[in-house]
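K.L.:
In case you want the letters, here they are:
There are 2 protein chains.
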Amino acid sequence: MNTIPTDQLLNQLNWRYATKQFDPQRKISLPDWTALEESLVLTPSSFGLQPWKFVVVKDAALRERLVPVSWGQRQVADASHLVVFAIKRDLKEQDIDAFLNRITVVRGVSRESLGGYREMMVGSLLQGRDAGGRRNWAANQAYIALGNFLTSAALLGIDACPLEGIEAAKYDEIIGLGAQGLATVVVAAAAAKRAPLEVLAAPPREGAPLRSE
Amino acid sequence: MNTIPTDQLLNQLNWRYATKQFDPQRKISLPDWTALEESLVLTPSSFGLQPWKFVVVKDAALRERLVPVSWGQRQVADASHLVVFAIKRDLKEQDIDAFLNRITVVRGVSRESLGGYREMMVGSLLQGRDAGGRRNWAANQAYIALGNFLTSAALLGIDACPLEGIEAAKYDEIIGLGAQGLATVVVAAAAAKRAPLEVLAAPPREGAPLRSE
Chain A
0 MNTIPTDQLL NQLNWRYATK QFDPQRKISL PDWTALEESL VLTPSSFGLQ PWKFVVVKDA
60 ALRERLVPVS WGQRQVADAS HLVVFAIKRD LKEQDIDAFL NRITVVRGVS RESLGGYREM
120 MVGSLLQGRD AGGRRNWAAN QAYIALGNFL TSAALLGIDA CPLEGIEAAK YDEIIGLGAQ
180 GLATVVVAAA AAKRAPLEVL AAPPREGAPL RSE
Chain B
0 MNTIPTDQLL NQLNWRYATK QFDPQRKISL PDWTALEESL VLTPSSFGLQ PWKFVVVKDA
60 ALRERLVPVS WGQRQVADAS HLVVFAIKRD LKEQDIDAFL NRITVVRGVS RESLGGYREM
120 MVGSLLQGRD AGGRRNWAAN QAYIALGNFL TSAALLGIDA CPLEGIEAAK YDEIIGLGAQ
180 GLATVVVAAA AAKRAPLEVL AAPPREGAPL RSE
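Going down the list, the protein sequences come from chains A and B. Numbered per numbering that gives the first Met the number 0, the first sequence spans residues 0 to 212. Numbered per numbering that gives the first Met the number 0, the second sequence spans residues 0 to 212.
The reader is advised that the hints may include incorrect statements.
Any copy will do: because identical chains look the same in the list, a pair fits if it lies in one copy or spans two.
[As the list claims (entries may be wrong)] Below, simulated DSBU-like cross-link-like pairs (lysine-lysine); rule was C-alpha separation at most 30 Å, straight line: (1) LYS87 <-> LYS192; (2) LYS19 <-> LYS57; (3) LYS91 <-> LYS26; (4) LYS19 <-> LYS91; (5) LYS19 <-> LYS169; (6) LYS91 <-> LYS192; (7) LYS169 <-> LYS91; (8) LYS19 <-> LYS192; (9) LYS192 <-> LYS26; (10) LYS192 <-> LYS57; (11) LYS26 <-> LYS57; (12) LYS57 <-> LYS169.
It should be emphasised that the hints constitute simulated quantities derived from the structure, not laboratory data. All values derive from a computational prediction rather than experimental measurement.
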């Protein structure tokens with residue numbers, strides 16, 4: 000265990016803000032980006048099912064095509080890196096089985112020992128929800144990943160900006176996700192540490208207090 | 000800026016796992032918990048609207064009453080701290096106006112200068128979505144907070160466990176959220192650093208790789 004002091008955590012979370020302009024020159028270093036990708040992969044999800052696919056869009060021409068379907072937001076093309084948070088459009092029993100098969104390999108347990116776990120997942124996710132409910136559940140998980148991504152980036156001093164204002168169906172088409180049963184839910188643009196002038200532009204906070212019971 | 004090295008981030012994200020058993024004796028220290036609460040408050044949200052309420056349930060009797068509506072999961076009562084992630088059940092124009100009024104105070108800008116921003120929020124969140132869509136949007140934001148919370152806790156070496164398997168409507172009733180127009184979406188239990196034996200119980204990872212385009 001190699002924890003950080005509380006003031007370092009809060010310092011970086013206060014430093015973070017949703018960067019609106021990205022300088023195409025400020026590339027994230029390979030080690031930093033590799034770590035951020037790895038942090039995404041380590042995101043927890045309900046049942047551990049990870050009903051998502053994180054797509055890093057690197058092709059410059061592809062990214063330019065995403066600008067008009069992102070209400071013209073240039074971050075999509077100008078940021079150093081762009082991650083599309085996509086989900087499985089319709090989770091099926093075979094997804095659950097593929098997940099369980101992976102567990103048997105990684106943890107070295109028998110498929111039979113996971114029978115109860117399978118039943119619980121099928122009951123909660125497939126029988127207990129309609130297609131829309133399953134998509135909402137999967138989208139929620141993708142947003143855990145987004146939260147983890149934004150905090151991880153802040154701790155590394157990487158600027159990031161989540162973008163909800165996108166035409167998700169057009170993203171699916173342009174990146175070719177639809178044909179694979181995937182659906183875009185949200186996007187994040189990221190760039191290397193911001194320039195000094197932008198630091199001054201970061202707005203003050205207005206977080207609402209918690210409530211105790 | 001006071002960033003951390005990439006290996007420290009990954010070390011703590013690898014250390015994190017969804018703790019299943021909590022020892023009621025392992026209380027989180029006041030400075031650690033205060034920092035975790037503050038990290039929650041700093042969670043980014045779409046438009047900065049923060050359509051959530053984080054409720055820290057401290058009353059022991061209240062927490063015991065939550066166990067049976069959490070499929071008997073003892074974490075709800077045994078963990079050092081319990082946070083309920085609730086959302087506004089039906090976001091209204093007055094919520095947007097209250098948010099804008101707060102901005103005028105915190106940032107010292109005029110209400111008039113925020114007119115375009117208001118229009119954008121009303122268009123996207125109220126006119127562009129039905130009640131269910133607004134709830135899904137708000138729930139997504141709460142899950143950003145959950146992701147941020149879990150990562151922040153991991154960095155401080157605090158054990159945490161998200162719980163989706165709860166009867167949300169019963170939570171609303173028991174904690175008294177429904178009457179305030181709030182709705183529970185998810186819960187997280189947290190406790191001080193885990194005992195050495197539990198470290199051995201943390202399962203190996205099976206994260207799926209990212210895809211590049």
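K.L.:
So, for every hint listed, does it hold in this structure?
P.N.:
Right, here's what the structure says about each hint:
1. LYS87 <-> LYS192: Close neither inside one copy (32 Å) nor across copies (34 Å); limit 30 Å.
2. LYS19 <-> LYS57: This pair counts as within: shortest intra-copy Cα distance 20 Å, inter-copy 39 Å.
3. LYS91 <-> LYS26: neither (39 Å within a copy, 40 Å between copies)
4. LYS19 <-> LYS91: So LYS19 and LYS91 pass the 30 Å test across copies only (27 Å; inside, 38 Å).
5. LYS19 <-> LYS169: within (22 Å within a copy, 41 Å between copies)
6. LYS91 <-> LYS192: neither (41 Å within a copy, 37 Å between copies)
7. LYS169 <-> LYS91: both (24 Å within a copy, 29 Å between copies)
8. LYS19 <-> LYS192: within (13 Å within a copy, 37 Å between copies)
9. LYS192 <-> LYS26: Answer is within: at 9 Å inside a copy they meet the 30 Å cutoff, but 36 Å across does not.
10. LYS192 <-> LYS57: Within one copy only: 19 Å inside a chain, 39 Å across chains, cut-off 30 Å.
11. LYS26 <-> LYS57: So LYS26 and LYS57 pass the 30 Å test inside one copy only (12 Å; across, 45 Å).
12. LYS57 <-> LYS169: within (17 Å within a copy, 46 Å between copies)
Taken one by one, the earlier hints fail for this structure at numbers 1, 3, 6, listed in ascending order.
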